[in-house]
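Position chain B against the provided structure of chain A, taking the given hints into account.
Chain by chain, the residues run as shown.
Number of protein chains: 2
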Amino acid sequence: MLETHIDQTLTAFFAGDRRAAARLMTAVENGGPAAEAVLEALYPKLTGAPRLGVTGPPGVGKSTLVDALARHHRGLDRRVGVVAVDPTSPFTGGAVLGDRVRMNDLATDPGVFIRSMATRGSLGGLARTSKEVVDVLEAFGHDLLIIETVGVGQTEMDIAGTADTTVVVLSPESGDSIQAMKAGLMEAADVLVVNKADRPGADQMVRTLEADLHMRPAADWTPPVIRTVASSGDGLADLTAAVDAHHRYLTGSGDLERRRHARVRVEILAVLRDRLWRRAQRDLTDHVPGWTEKVLAGEATPYTAARAMLAALIDDDPEDDE
Amino acid sequence: MLETHIDQTLTAFFAGDRRAAARLMTAVENGGPAAEAVLEALYPKLTGAPRLGVTGPPGVGKSTLVDALARHHRGLDRRVGVVAVDPTSPFTGGAVLGDRVRMNDLATDPGVFIRSMATRGSLGGLARTSKEVVDVLEAFGHDLLIIETVGVGQTEMDIAGTADTTVVVLSPESGDSIQAMKAGLMEAADVLVVNKADRPGADQMVRTLEADLHMRPAADWTPPVIRTVASSGDGLADLTAAVDAHHRYLTGSGDLERRRHARVRVEILAVLRDRLWRRAQRDLTDHVPGWTEKVLAGEATPYTAARAMLAALIDDDPEDDE
Chain A
208 MLETHIDQTL TAFFAGDRRA AARLMTAVEN GGPAAEAVLE ALYPKLTGAP RLGVTGPPGV
268 GKSTLVDALA RHHRGLDRRV GVVAVDPTSP FTGGAVLGDR VRMNDLATDP GVFIRSMATR
328 GSLGGLARTS KEVVDVLEAF GHDLLIIETV GVGQTEMDIA GTADTTVVVL SPESGDSIQA
388 MKAGLMEAAD VLVVNKADRP GADQMVRTLE ADLHMRPAAD WTPPVIRTVA SSGDGLADLT
448 AAVDAHHRYL TGSGDLERRR HARVRVEILA VLRDRLWRRA QRDLTDHVPG WTEKVLAGEA
508 TPYTAARAML AALIDDDPED DE
Chain B
208 MLETHIDQTL TAFFAGDRRA AARLMTAVEN GGPAAEAVLE ALYPKLTGAP RLGVTGPPGV
268 GKSTLVDALA RHHRGLDRRV GVVAVDPTSP FTGGAVLGDR VRMNDLATDP GVFIRSMATR
328 GSLGGLARTS KEVVDVLEAF GHDLLIIETV GVGQTEMDIA GTADTTVVVL SPESGDSIQA
388 MKAGLMEAAD VLVVNKADRP GADQMVRTLE ADLHMRPAAD WTPPVIRTVA SSGDGLADLT
448 AAVDAHHRYL TGSGDLERRR HARVRVEILA VLRDRLWRRA QRDLTDHVPG WTEKVLAGEA
508 TPYTAARAML AALIDDDPED DE
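Chains A and B supply the protein sequences, listed in that same order.
Take the first sequence: its letters are residues 208 to 529, numbered as in our numbering.
Take the second sequence: its letters are residues 208 to 529, numbered as in our numbering.
Excised from the complex, chain A in its bound form:
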């Protein structure tokens, strides 16, 4: 995106133009100098609105629950931004975008913005980019941000880690509770949801989860186990109350402050890393082919080549950094 386009798009964005918001999210996803320019312009407009992470195994009804949550908050006149991350490998199932089409009433509601981010297994950078897409939604004036992630690997946890409150969703029929525990999912949960709670096995699952929670070391916050039926809206008020309670706990304990501090630190380092690498590429790209030939000819190794190039970039101290 050219600089003049960014300025025009930002002006439209601040005037509430949804298409401008979508364009800025795309610019942020694409990375590079344009992404940085957009994020820097938006930075002063960040409101600190609550960020809710919703995660869990495939098939438990996360999308339906997120839709129901969005409707619930719309009923309270709150504007809701949703980022749905689907890093599902082609072999694990997973909807990849298709799911979101069904939310017709939400799609036409100007108080809701849903952004899907689909990838095909390449998770590198996804955690950071999804956080930045949420920044755009936050600067757009949403009162609640929801980050929905499928599956529960480390990266999904990183994504959930950008949230103030992480809701882990399970369902009775998925039989995933044991796997969830294995995966360390229980430790990541601030609130546990047993969705499809009208189906057989729900009571058993709630009991199992509560028993597991009681075996954990005592802590200031014990995740409540909430039953929901996302398709009918049952339990949504309970879930919202639990999330609000967790947010009050975070504020009161100073945890929210600490999390934001850590987040800013990570952000500074991420921007620094990006800029440093762009700068290195700008200054060193011309030297790479020559060094590649030298390595292939046996006259250098990738290590001596990198050292020489680094010394040329930061010339005040060409010494090794070990």
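The reader is advised that the hints may include incorrect statements.
Just a sample of chain B residues kept apart from chain A, beta carbon distances all over 10 Å, derived [stated by the list, open to error]:
| no. | residue |
| --- | --- |
| 1 | 256 |
| 2 | 278 |
| 3 | 324 |
| 4 | 395 |
| 5 | 444 |
| 6 | 451 |
| 7 | 471 |
With a straight-line Cα cutoff of 25 Å, these simulated DMTMM-like cross-link-like pairs (lysine to aspartate or glutamate) come out [as the list claims (entries may be wrong)]:
| no. | chain 1 | residue 1 | chain 2 | residue 2 |
| --- | --- | --- | --- | --- |
| 8 | A | 252 | A | 316 |
| 9 | B | 501 | A | 247 |
| 10 | B | 252 | B | 481 |
| 11 | A | 252 | A | 312 |
| 12 | A | 501 | B | 462 |
| 13 | B | 252 | A | 500 |
| 14 | A | 252 | B | 284 |
| 15 | A | 252 | A | 350 |
| 16 | B | 252 | B | 284 |
| 17 | B | 252 | B | 462 |
| 18 | B | 501 | A | 490 |
| 19 | B | 501 | A | 481 |
| 20 | B | 252 | B | 410 |
| 21 | B | 252 | B | 312 |
| 22 | A | 501 | B | 464 |
| 23 | B | 252 | B | 224 |
| 24 | A | 501 | A | 490 |
| 25 | B | 501 | A | 462 |
| 26 | A | 252 | B | 506 |
| 27 | B | 252 | B | 394 |
| 28 | A | 252 | A | 284 |
| 29 | A | 501 | B | 481 |
| 30 | A | 252 | A | 224 |
| 31 | A | 252 | A | 506 |
| 32 | A | 501 | B | 506 |
| 33 | B | 252 | A | 506 |
| 34 | B | 252 | B | 236 |
Quick caveat, the hints were computed from the structure, so don't treat them as lab data.
Every residue gets a Cβ at the ideal spot worked out from N, C-alpha and C, and that includes glycine.
Using the frame of chain A, we list chain B on its own:
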């Protein structure tokens, strides 16, 4: 690993000590200056031995096939190094290490070295690290390197991309052929294997795959479709012949040369990126807390902070790089 330990371990490694090899692989996996020191020391010992990537969806019998391949090559008196990467999410199944235990006869064969690399969804850096673990195996004197990856996302493809020849394994019962095509897996395959070829549906699957291959634009190399029954060893000689034919094709066409050129280039950039970042961290870590406070106080943004820190590091040209 301390420098003296590295030297001792390298000496033992070059004398053929398997435990030293395992320690070097761990050092390489852990990254940082020790990893670089190890890789630099090994670099001159790289032999250019063929690298075979074996990938495909879970459940098709990749591990059994890789074991069978290793046995087959042992029968030809070749030393075989295997890196088994299992980036399986806790919810998609996948063995994560357990599988490899069953290879008792191989585990006690000094001509075979099997290294498992398991992760839990965090794929960042895995492609590079697994390539470097293969470097260790190559420098250890193995005649054939096999990189086994579960699933087929972008990162798995990156890993397979470090191979000279990529074997994509499917099985009749997995019903994965259509998904494999969707996932772009067909394009990545140099050789296609229908494993468990004694099961119903194998003929149909081979026909489907061959029909699909014929619909592709004409190319110098058309992937053959090989039937195997890994558990009995059927088809292993055919598979080996196909891999050898592909290697001859690569050499004759100049493709092998081009791939190695590209690989060295990527390697130089990766080392450069690592060193640059380590150097930046060394020089800038002290400044991060102060900038974090300024950002939290609203006196800076992560972007102005990063710019100022970058200017301090590369002081000859503090200008923006956009």
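**OP:** Compare the structure with the hints numbered earlier in the document and write down the numbers of the violated ones, lowest to highest.
**Re:** Violated hints (numbers, rising): 7, 11, 14, 18, 20, 21, 27, 31, 32; every other hint is consistent with the structure.
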